[in-house]
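Dock chain C against chain Y, hints included.
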Amino acid sequence: MSAVLKVVQPGLHTTVQDLGRFGHQDVGVPVSGPLDSESLRLANALAGNPPGTAALEILVQGPTLEVAADSVRLALTGTQTGIEIRGDETAPRILPPWRSLRLRRGQIFRVGALSDSACAYLAVEGGFDIAPCLGSVSTYARGGLGGLAGRPLQAGDLLPLALEEATDRGEAALRQVPDLGLSRPVRVVLGPQDDHFTAEAVRTFLSAEYRISPNADRMGFRLEGPKLEHRDGYNIVSDGIVTGAVQVPGSGQPILLLADHQTTGGYPKIATVISADLPVVGRRRPGSSIRFAAVDVAEAETIRRRQEATLQRLARQLQPVAESGDIDLASLYSGNLISGVVSARD
Amino acid sequence: MEVRFLRSGDTGLVVQFGNAVDRAVNDRVLRLDASLRAAALPGVIETVPTFRSLLVHYDPLETTAAELTRSIEALLDRPQEGRRATRLWRVPVCYEASHAPDIAEVAERTGLSVEDVVSLHSGTRYHVYMIGFVPGFPYMGDLPESLVLPRRADPRLRVPAGSVAIATSMTAIYPLESPGGWHLIGSTPIRLFDLRWPAPALFAPGDAVRFEPITAGEFEAIRAAVQAETYRVPSEEILP
Numbered sequence: 380m381s382a383v384l385k386v387v388q389p390g391l392h393t394t395v396q397d398l399g400r401f402g403h404q405d406v407g408v409p410v411s412g413p414l415d416s417e418s419l420r421l422a423n424a425l426a427g428n429p430p431g432t433a434a435l436e437i438l439v440q441g442p443t444l445e446v447a448a449d450s451v452r453l454a455l456t457g458t459q460t461g462i463e464i465r466g467d468e469t470a471p472r473i474l475p476p477w478r479s480l481r482l483r484r485g486q487i488f489r490v491g492a493l494s495d496s497a498c499a500y501l502a503v504e505g506g507f508d509i510a511p512c513l514g515s516v517s518t519y520a521r522g523g524l525g526g527l528a529g530r531p532l533q534a535g536d537l538l539p540l541a542l543e544e545a546t547d548r549g550e551a552a553l554r555q556v557p558d559l560g561l562s563r564p565v566r567v568v569l570g571p572q573d574d575h576f577t578a579e580a581v582r583t584f585l586s587a588e589y590r591i592s593p594n595a596d597r598m599g600f601r602l603e604g605p606k607l608e609h610r611d612g613y614n615i616v617s618d619g620i621v622t623g624a625v626q627v628p629g630s631g632q633p634i635l636l637l638a639d640h641q642t643t644g645g646y647p648k649i650a651t652v653i654s655a656d657l658p659v660v661g662r663r664r665p666g667s668s669i670r671f672a673a674v675d676v677a678e679a680e681t682i683r684r685r686q687e688a689t690l691q692r693l694a695r696q697l698q699p700v701a702e703s704g705d706i707d708l709a710s711l712y713s714g715n716l717i718s719g720v721v722s723a724r725d
Numbered sequence: 522m523e524v525r526f527l528r529s530g531d532t533g534l535v536v537q538f539g540n541a542v543d544r545a546v547n548d549r550v551l552r553l554d555a556s557l558r559a560a561a562l563p564g565v566i567e568t569v570p571t572f573r574s575l576l577v578h579y580d581p582l583e584t585t586a587a588e589l590t591r592s593i594e595a596l597l598d599r600p601q602e603g604r605r606a607t608r609l610w611r612v613p614v615c616y617e618a619s620h621a622p623d624i625a626e627v628a629e630r631t632g633l634s635v636e637d638v639v640s641l642h643s644g645t646r647y648h649v650y651m652i653g654f655v656p657g658f659p660y661m662g663d664l665p666e667s668l669v670l671p672r673r674a675d676p677r678l679r680v681p682a683g684s685v686a687i688a689t690s691m692t693a694i695y696p697l698e699s700p701g702g703w704h705l706i707g708s709t710p711i712r713l714f715d716l717r718w719p720a721p722a723l724f725a726p727g728d729a730v731r732f733e734p735i736t737a738g739e740f741e742a743i744r745a746a747v748q749a750e751t752y753r754v755p756s757e758e759i760l761p
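Residue numbers (the working numbering), protein chains in the order written: chain Y, 380 to 725; chain C, 522 to 761.
In short, the hints are calculated from the structure, not lab data.
Each hint should be verified, as a subset may be incorrect.
To be verified - Ranges of calculated distance between the beta carbons of each label pair, as one might list FRET restraints: (1) Asp449/Y with Ala737/C: 55 to 65 Å; (2) Arg692/Y with Ala746/C: 37 to 47 Å; (3) Glu739/C with Gly485/Y: 56 to 66 Å; (4) Ala606/C with Asp574/Y: 45 to 55 Å; (5) Ala561/C with Pro699/Y: 50 to 60 Å; (6) Glu698/C with Lys385/Y: 23 to 33 Å; (7) Ala578/Y with Ser634/C: 50 to 60 Å.
Unchecked claim - Looking from chain Y toward chain C, a few residues come up when the C-beta cut is under 10 Å (computed): (8) Gln404; (9) Leu513; (10) Leu537; (11) Leu569; (12) Glu680; (13) Arg683; (14) Glu687.
Said to hold, decoys possible - A few chain Y residues that don't get close to chain C, going by computed Cβ distances all over 12 Å: (15) Lys385; (16) Leu391; (17) Arg489; (18) Gly505; (19) Asp508; (20) Gly549; (21) Arg554; (22) Val581; (23) Pro605; (24) Tyr613; (25) Val625; (26) Lys648; (27) Ser654; (28) Arg670; (29) Leu693.
Glycine residues also receive a C-beta, built at the ideal position from the N, C-alpha and C atoms.
Only chain Y is shown next, with the shape it has when bound in the complex (with noise of 0.2 Å):
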């Protein structure tokens, strides 16, 4: 019998992703994968799993599924929002994300509205049972590629599982929840085009506040706030764009780039986010604030290296939590590990 989950509310725009499609961008072909590589990572640390396993992406609004498989164990990161839980003799009841659960067949779980992030990622262990187009298994939706059947999930879809029921062995919690910079200036390197515009236009960019516009995807980010002003014309000649680029068309409003933007294009780009901050990036929310902050890109490279020692460090030491029963909030959540998260609310 075949092992699934089986997809009873969809969410907004929920994809199967995995750390992105790479080898093919000089044919047209965008990378995609997760707007939040770092809560794709870790959860699937929490699942147990290498971290590039393919695990779903939750856009502001999480699906409805059900365990349609003897087991299943999961992990949910990216968020403060938890699992909420039915489909057994209990009440129905709420599990804390950033750590692993495991449920059994016939019960239901909900991820609701996001709370706080604009994204979350919901790995199972041992990954879908998906076969990857051009070396990937995340979705490119526009070019219906990837993912499951090429596009986000839809009432009805039946999610294959690899396992046909979760290994066993105890849960696992993160000794610390990563701060998830809702609120905090977003790191650029200024380039590759900032001579395309006047001096004005680039301490504009890098004071003044934008606010994401609420059409924004995962191609990019309508940024609406001052208008940046060209030096000579808003056409150049069409070059290569890595995720990240903060591109000005002659409207003078910048937009910036995430995962599933054109590998190409004419317009000048007047700054690129660092690598490091593309995680806090892809968690802002439609609607929200973002202010730019310039390092140059020795000190890119080495937040970068910061950050990644970091990470690794915070997926190696998972301390093992009850089965079924809340860890205790207030001491994970203690000190100031959540400030990003709690000053975002205002």
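For chain C alone, kept in the frame of chain Y given last:
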């Protein structure tokens, strides 16, 4: 022109050879691309050749911008290896009005007859400068001067797959249905992008392309053969 190294954050290095769409500049881009692929430098994830620059995607945990710049400078100082093997493709195109929604307007705006548009477009050998915009979309040039027009003022939300189009000094084929602002002057029944192929795009940057006019009847016959997987696009290897 001086080679310029531009930063795309801490994961991309742009090696820029010029500011314009130019065959000589693009040849330098493609030669560096070939050398970099052969060199397999540590930390390099992949490269994206474009009209006038090469974007080198790298892993900042494996290398640094400074180290990568030094290695690329050393490659540029050495005699450059030849480009990758390239092919000349002969692409069948139906230019009949039923398959070419904008050809009459293009004729009117360029002051040419429809027959002249067809003979100019199909009488030129094009160079694949780069692939981008959507998976498999080839930017090919250069168009004969008399066919050069700006993009449409009203881009279409849905351009059918296989549409052969022109804008500025370029011609292209839409590999998938997508939005698009170019003038549609023909249609090809061939497939340009297929996930089942080991390399999913038919053309590679540096390839050459010629368009060969076909009738609507031939279009249907080739389309059926493409669907039955019995059709191969005629091509031959060429020296770069």
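Here's how the hints hold up against the structure:
1. Asp449/Y with Ala737/C: 55 to 65 Å: Holds - the Cβ-Cβ distance for Asp449/Y and Ala737/C, about 58 Å, lies within 55 to 65 Å.
2. Arg692/Y with Ala746/C: 37 to 47 Å: The hint (37 to 47 Å, Cβ to Cβ) is violated, given that Arg692/Y and Ala746/C are roughly 58 Å apart.
3. Glu739/C with Gly485/Y: 56 to 66 Å: 59 Å, holds
4. Ala606/C with Asp574/Y: 45 to 55 Å: Cβ of Ala606/C to Cβ of Asp574/Y: about 37 Å, so the range 45 to 55 Å is violated.
5. Ala561/C with Pro699/Y: 50 to 60 Å: Violated - the Cβ-Cβ distance for Ala561/C and Pro699/Y, about 43 Å, lies outside 50 to 60 Å.
6. Glu698/C with Lys385/Y: 23 to 33 Å: Since Glu698/C and Lys385/Y have Cβ atoms about 31 Å apart, the given range 23 to 33 Å holds.
7. Ala578/Y with Ser634/C: 50 to 60 Å: 52 Å, holds
8. Gln404: Gln404/Y check passes; min Cβ-Cβ to chain C is 5 Å, inside 10 Å.
9. Leu513: Holds: closest Cβ of chain C sits about 6 Å from Leu513/Y, inside 10 Å.
10. Leu537: 22 Å, violated
11. Leu569: Given a least distance of 8 Å, the restraint on Leu569/Y holds.
12. Glu680: Holds, about 5 Å.
13. Arg683: At 5 Å from the nearest chain C Cβ, Arg683/Y passes the 10 Å test, so the hint holds.
14. Glu687: Check passed: Cβ of Glu687/Y comes within 6 Å of chain C, closer than 10 Å.
15. Lys385: Label holds. Min Cβ-Cβ 27 Å, cutoff 12 Å.
16. Leu391: Non-interface label stands for Leu391/Y: nearest chain C Cβ at 23 Å, farther than 12 Å.
17. Arg489: 34 Å, holds
18. Gly505: 25 Å, holds
19. Asp508: 19 Å, holds
20. Gly549: 32 Å, holds
21. Arg554: 23 Å, holds
22. Val581: For Val581/Y, whose nearest Cβ neighbour in chain C is about 14 Å away, the distance exceeds 12 Å, so it holds.
23. Pro605: 22 Å, holds
24. Tyr613: 14 Å, holds
25. Val625: 10 Å, violated
26. Lys648: Given a closest Cβ separation of 7 Å, the condition is violated.
27. Ser654: 5 Å, violated
28. Arg670: Label holds. Min Cβ-Cβ 17 Å, cutoff 12 Å.
29. Leu693: 16 Å, holds
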